[in-house]
Amino acid sequence: MESFVSTGVIGLSLGTQYALLSLGFTLIFGILGVINFSHGGFYVLGGYVAYSFSHLAGVPFAIAVLLAALACAVLGYFVELLLVERHVNDHLTTMMITLGLYLIMTTGTLVVFGPEPAEFPFPVSGSFRAGGFFVPYSNLIVLGVCMLVIAVVYLLMYKTRFGIALRAMADDREVAIAQGLRPAQMFPMAFALATGLAGLTGALVTPILALEPHVGESVLAKSFMVVILGGLGSIGGATIAAFIVGIVEAYSSVYLGGSKGALTLFILVLAILVVRPNGLMGSEARKA
Amino acid sequence: MNSLSKYGFRSALLTSLLAALPAWAQNCETKIGVLGPLSGGAAAWGLAMKGGVEFAAAQSNEAGGVQIGNRKCKVTVLNYDTKYTADGAAAGANFLAGENVKLIIGPVGSPEATGVKPVANRNGQLTFNSSFAKDAIGTQFPNAFHQLAGPSAWSPALVKAAKERFKITSVVVVAPNDQGGTDVASVNADSYKAQAIKTTEEYYQRGTTNFAPIVTRIMNLKPDAVDTASSPPGDAGTMVKQLLEAGFTGIIGRLGGPGTPEIIKAAGGVEKIKGFYWLELVATEDPAVKSMLVDYQKVMKVPAPDNTLLYTAAAATRMVLKAITAAGTDADATKVAAALRGLPAEDPYLGKGVWAGKASFGLAQELVFPVGMGLVADGKHLGVSRLDLSGTK
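Top to bottom, those sequences are chains A and B.
So the first sequence is residues 235 to 522, counted in the working numbering.
So the second sequence is residues 233 to 625, counted in the working numbering.
Don't take every hint at face value.
[Said to hold, decoys possible] Computed far set for chain A versus chain B, every beta-carbon distance over 12 Å: (1) Leu248; (2) Leu300; (3) Tyr311; (4) Thr394; (5) Asp406; (6) Gly492; (7) Leu514.
[Unchecked claim] Computed spacing ranges between beta-carbons, pair by pair: (8) A:Leu337 to B:Val531: 30 to 36 Å; (9) B:Thr401 to A:Val358: 33 to 39 Å; (10) A:His289 to B:Gly615: 28 to 34 Å; (11) B:Gly615 to A:Val346: 48 to 54 Å; (12) B:Ser622 to A:Leu337: 45 to 51 Å; (13) B:Thr308 to A:Tyr371: 47 to 53 Å.
Honestly, the hints are just simulated from the structure, not real lab data.
For glycine and all other residues, C-beta sits at the position ideal for the given N, C-alpha and C.
Using the sequences and the hints, build the whole thing.
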C-alpha cells in the first residue's frame, strides 16, 4: 500500500514536470504554429544557467532558478524576433531553424561546460517518511513549485488581457489581427513565455536527475508525446496528457518493470490516438 | 661562381634545417582512430579511451614515432563521438575510412560494437573494442580485437569476494534493457545465483533520466545489494542518488564498465557509503600501473581521466603500434592484425598478460591483463586488490 502511494506521488511529480515542459511546447505551436525543436535545448540551458549562478557564482538556488527562467525567456524572445518571426508561416523553415538552434545550444553547452554530467545537487536532501511510504523532499519541492507555476500560467492565459490576446491569436489569427492584435508584438512574448517555462523546468529538475548537454533530447521526445496525446496546441489537453503519462509511467514501471513499463506507456498513447487521432482535446485542424 | 656559391649556401641551409626537424617529420604520418561516446551519460568511458590513445601516441612521438620499415612516422589521433549508439559507431567507422584510417581503438560499448563490426569489416579496418557483449568479437570479423577481459572471466571471483565481505543474501542487478546492459547483467546474475544469492534482474529503457519508479521497484524487493552492472556512469550516479534518497541502506555493487567516481560523487563521498564493491579494469594499486598516471601528467600536461579505460586503451594502442612495426605497414589492417596475433601480450605499465577469447569468442584476440576489485566498507576505502586472470581461455 505504501509503495502504491509512493508511486502515485512519483507519478504526480513526473506529471507536473511533463506539464510544465509541454505547456511551453504546445503554447508555441498553438499560437505561432511553430513546432519548436529547440525546446529541449532551453531545458538544458535553464539547467546550466542555474548551475552557473548557484554553483559557480554562489547565488542562492531559488534565485538561480528564477534567473535561469528569465535568461531563457529573454533568449527565446530574441530568437523569435530575429530568427523565427520572418518565417513564422513556413512550417518547414521554422522546424529547420529550431532544430539548428537546438544543435547550436547543445554544442555550445558542450564546449563551455564539457561533455560529462555537471555536479549539480539539489540544495535540500533527505526524504519524508511514514512507515514504508517515502518521498524525497526535493521531489516534493519540485512538485509544489511546478503546480504553482502551472496555476500561474493558467491564470495568465485565462484571466489576463495578455492571455486572452494570445488565445485569440491561437484561435483565429486573421480575426485577431482584424481586432487590432499585433503578431509582431505577441509572438515574441509567447515564445519567451514558453522558453522561460522550459528553462525553469530545467533549472528545477536537473539537480534531482542529471545535467549534461544532451539531456534535452529525451525531454523533447517526452514533450512531443505529451503534446500529441493532449492535442497539438491545446493547453488543457497537454496538462491532462502530462499527468496521464506521468502516472502511467510511474505505475507501469514500478509494477511491470522498466522495459514493460515503457512499452505499456507507448501502447496506451497509441490506443488513445487510434480512438482520438487529434489527441485528447485537439481540434481537427489548426486555424491560425 | 658567385651564383654557385649562393646555391651551395642555400643547399647547406636547407640541409641543416631538415636535420633539425624531428625524424618523423621527414617521413610520414600514421593515423589511429578512436571511436567512443565523447558526450552524454557514457562520456566518461569515451573520454578515457581517447585519453589513453592520445597518451600512447604522444609517448610514441616523443620517442621519434612509430617505425614502419625504414621510416619513422608521427602518430596522429582522430576521434569521433559515437554517442554510445550503433549508428553513431558505424558512421564513425565510415568517417575514419574517409580519412584513410585503418586502425581503430574502440568502440567502447556493446551497441557501438554491434554497429561497427560489419562496417569496419567492409572498410578493411582493424578495431579494438572494450565491449562486454557476448559477441564483442567473433570469427566472422577476424580484424576485430578486444582490449579487456569479459564478465565471464572476472564476475564469478568478484561476486564470491563480495558475498564473503558483505554477507549478501539478495541482490538486484540493474542495467539498460539492450545488449550493452543485458550481456553483462545476465552474466553477473548467474554468478550471484551460483553463490546461492537471491537474484533479481531489473532492466530499464536506455535514455531514462528519472529512475524514481525503478528505485521504488528495487526498494520493494528490499535487497541487501544493488549491482549497477554496466549502466552508463551518468545513469549509475543518478540511480544511486535516488536510491539513497529513497532510504536504501544496503550495499552498492558495480561489476561492469568503470563508473566508480560517479557513484561515490552521487553518494556524497566515500565516508557516506556503507558498502561498495566494484570492478577495476586493471590492478590500479600496482606500482607500475600507478606510474602511468605520473607519466600521463608529464607527457600530456593535464591530469589523467579518472577512469580505467584509460589504461586498457593505452595498452591496446601500444600493441597496435608494435604490430604496425612488425607488419611493416599501417595501411593494411589484415597484415597488422596478423602481426598483432603473433605479439606477446605485454605492456610496460600493465605487465604480462595473455591472449584469451578462444573459449568465449572462438578466437584468441582478447587482450587480458590482471584486473582489480575495489572495496569501501563503513565509509572507509579498503583499497583495490589484484585479481590475476592469466588462466582465462
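Structure-based check of all given hints:
no.: 1; hint: Leu248; in the structure: 6 Å, violated
no.: 2; hint: Leu300; in the structure: 23 Å, holds
no.: 3; hint: Tyr311; in the structure: 28 Å, holds
no.: 4; hint: Thr394; in the structure: 33 Å, holds
no.: 5; hint: Asp406; in the structure: 38 Å, holds
no.: 6; hint: Gly492; in the structure: 3 Å, violated
no.: 7; hint: Leu514; in the structure: 23 Å, holds
no.: 8; hint: A:Leu337 to B:Val531: 30 to 36 Å; in the structure: 34 Å, holds
no.: 9; hint: B:Thr401 to A:Val358: 33 to 39 Å; in the structure: 34 Å, holds
no.: 10; hint: A:His289 to B:Gly615: 28 to 34 Å; in the structure: 32 Å, holds
no.: 11; hint: B:Gly615 to A:Val346: 48 to 54 Å; in the structure: 37 Å, violated
no.: 12; hint: B:Ser622 to A:Leu337: 45 to 51 Å; in the structure: 48 Å, holds
no.: 13; hint: B:Thr308 to A:Tyr371: 47 to 53 Å; in the structure: 52 Å, holds
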